[in-house]
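Visitor: Sequences and hints are given; from them, build the entire structure.
All residue numbers in the sequence shown are consecutive under the working numbering, ending with 109.
Source of the hints: derived by calculation from the structure; they are not laboratory data.
Just so we're clear, the structure is a prediction, and the values are computed from it rather than from any experiment.
The beta-carbon is built from N, C-alpha and C at its ideal position, and this holds for glycine as well.
Treat the hints with caution; some may be incorrect.
[Said to hold, decoys possible] Quick list of simulated restraints, FRET-style, between CB atoms:
(1) I15 - R90: 26 to 36 Å
(2) R101 - Y69: 52 to 62 Å
(3) G50 - K22: 31 to 41 Å
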Amino acid sequence: MAISIYQVNKGINKSIEFKGLKAQYIWYLGAGILILLILFSVLYIIGISQYICMAVVLSAGSGLVYQVYGLSRKYGEHGMMKALARRSVPKIVKVNSRKVFRKGGA
Numbered sequence: 004m005a006i007s008i009y010q011v012n013k014g015i016n017k018s019i020e021f022k023g024l025k026a027q028y029i030w031y032l033g034a035g036i037l038i039l040l041i042l043f044s045v046l047y048i049i050g051i052s053q054y055i056c057m058a059v060v061l062s063a064g065s066g067l068v069y070q071v072y073g074l075s076r077k078y079g080e081h082g083m084m085k086a087l088a089r090r091s092v093p094k095i096v097k098v099n100s101r102k103v104f105r106k107g108g109a
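Guide: In structure tokens:
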């Protein structure tokens, strides 16, 4: 009987990470870069100088990268979803009638 040796995959159930970006922030950065590519194309097609187009897109791109890395560092993998969910929970629930608490009351 041959002895089988299996390699253990220690990355199971871990979120994906790419150069420090975690989970959904990779997609945010990709979408932002795609939008910047479209912006460059539109600016170039309407006749603006390519150097001005590049300056606009590079400055917006550096701001995008800075913002996305900041969000990834601040909230982590699931933190932003939790923060957005926390906003939708009301701070106070007001009830003007005791009808809800009475037996058989509607």
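Visitor: Evaluate each hint against the coordinates.
Guide: Results for each hint:
The hint said 26 to 36 Å for the Cβ distance between I15 and R90, and at roughly 32 Å that hint holds. A hinted range of 52 to 62 Å for the beta carbons of R101 and Y69 is consistent with their spacing of about 54 Å. At roughly 36 Å, the beta carbons of G50 and K22 sit within the given window of 31 to 41 Å.
Checked against the numbered hints given earlier, this structure breaks none of them.
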